[in-house]
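There are 2 protein chains.
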Amino acid sequence: MEQNASTTTTVTATALSPQNIKPLFKSIQAFLFDCDGVIWKGDKLIEGVPKTLEMLRSQDEIFSSSFAAAMYLKINGFPQDKKVYVIGEEGILEELALAGYTGLGGPEDGKKSVQLKPNCLFDHDKSVGAVVVGLDQYINYYKLQYGTLCIRENPGCLFIATNRDAVGHMTDLQEWPGAGCMVAAICGTTQKEPIVVGKPSTFMMDFLLKKFQVDTSKMCMVGDRLDTDILFGQNAGCKTLLVLSGVTTLSDLEDPSNTIHPDYYTSKVADVFEFLEQCP
Amino acid sequence: MEQNASTTTTVTATALSPQNIKPLFKSIQAFLFDCDGVIWKGDKLIEGVPKTLEMLRSQDEIFSSSFAAAMYLKINGFPQDKKVYVIGEEGILEELALAGYTGLGGPEDGKKSVQLKPNCLFDHDKSVGAVVVGLDQYINYYKLQYGTLCIRENPGCLFIATNRDAVGHMTDLQEWPGAGCMVAAICGTTQKEPIVVGKPSTFMMDFLLKKFQVDTSKMCMVGDRLDTDILFGQNAGCKTLLVLSGVTTLSDLEDPSNTIHPDYYTSKVADVFEFLEQCP
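Line order of the protein sequences matches chains R and S. Per the UniProt record's numbering, the first sequence runs over residues 1 to 280. Per the UniProt record's numbering, the second sequence runs over residues 1 to 280.
Think of the hints as simulated: they come from the structure by calculation, not from any bench. Owing to the predicted nature of the structure, the values given are computational and were not obtained by experimental measurement. Check each hint, because a few of them may be wrong.
Note that identical chains are pooled: a pair holds if it fits in a single copy or bridges any two copies.
Claimed, not checked - Keeping only pairs whose Cα atoms sit at most 20 angstroms apart, straight-line, the calculated EDC-like set for lysine to aspartate or glutamate is:
hint : residue 1 : residue 2
1    : K111      : D125
2    : K51       : E108
3    : K239      : D206
4    : K44       : E175
This is chain R alone, in the form it adopts within the complex (with noise of 0.2 angstroms):
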């Protein structure tokens, strides 16, 4: 790409306030949400949270990434009598049953332990179709054999990862292991590359089109992360708001080294609910 350098260009977000959402909400017809950072921290809900998902959900369809891989299955056909096994916790467990799939293993699995013993055979459910590994707090071997066998043994079966984030905020004081390692180990014992449903697959956009012809220009991606979120909202080529809920400063975002700039910067999620209410 050519530049030039006789021009200084300053790209900056834009605050997002009560004078400017009117005309934003407006062109949207889709939130993506990143969770971490943005809907909670650690265990913690963030301030605002539940007022404002429940005032969006009432005017437009939200759609978060714990649902995606569900709706993945779902559109692709997966058979009801199939089985899914997962790793990772409750939430997956519970998109699959709303979705009309039977999962197994996720946290009831967490305590299981393996027996190496000579003629002992780890047994598994042959109907298992997918195996969908996300964060798993209660990783162990006994899981991690699992959803081996499941992908190595039973034909045709898929292997789906919610996201591969490295890590996450599992705790407001520091960072933990996200799906990205559990996602990695599974790689490790089935030398397979899943297929990725989150972020940085652009799964949810392309179903939001296909199903609801919700161009990415109608969508509004909602991260605390420069890197990841906004740079995965941008090249997609939905609107951008960066949330400073999460790892994300000011200071990062005004920072001259920073080369990613979304639309709209604000505090937290629930500023989008106070400015709707204050705007003229």
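Given the structure of chain R, go ahead and fit chain S onto it with the hints provided.
Frame of chain R, contents of chain S only:
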């Protein structure tokens, strides 16, 4: 590469026998052993292994890959006052202790769990200067977080993998996640690549060459897998001996589709002992 269709070349491995063992044995100064399927299978030692290793040890040096991590630290001047966190089993801790290092983690951390609560900081030892990752049947979220924090937060902390085998015969009836599973999990959270000291790294061979002036042509790689052990030995310039006590059968070896031919093959490691006893 050019292929001559008019010539049929049959490349075959030679069966080890009382007749040819002496010349082989005389040409070899060091044996390198794969363990799984060669020394043990599942939780059992393969028949005749102790007496064979004892005999070899009395004549040559023997190196197993479980020893390689400790040796790597030693020859790279890893300070004795730094600690080593282990994601793996007792053998790694034993080798570290023999080399004079303080190991942490391992089986002891297999029953620890994490507290994902606000204001609860997961603490780690700042004097850990290396994390060694191998096969770990007691893998859990505690160890994954501990290893990740050391690698991410302790300046210069090394990330060492004993090997990257996808699976191994933890029981005689089936394969289980191997060291490659745990190593990949830590790659997933740290976004770093490990220093691999076992297969397929040539670290041990380089070490033997440097320390004892043993050239790889004077080494014999003993393994049960054609596409890893034997190929690895061949690529490094070693003599190779396939044992049929692991995953490879004689028909696999003789199958026309097989392109990897060891110098010798035999049913099990103990044949070396027996043929030497019987040889003229």
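Quick rundown of the hints versus the structure:
For the identical chains of this complex, K111 and D125 are intra-copy neighbours only, at 18 angstroms inside a copy versus 27 angstroms across copies, given an alpha-carbon limit of 20 angstroms. In this assembly of identical chains, the alpha carbons of K51 and E108 never lie at most 20 angstroms apart, being 32 angstroms within a copy and 46 angstroms across copies at closest. When the C-alpha separation of K239 and D206 is checked against a cutoff of 20 angstroms, the pair qualifies only within one copy, where the shortest distance is 16 angstroms, while the shortest distance between copies is 54 angstroms. Proximity of K44 and E175 under a CA criterion of 20 angstroms is satisfied intra-copy only: 14 angstroms inside one chain copy versus 40 angstroms between copies.
In this structure, the one hint that does not hold is number 2.
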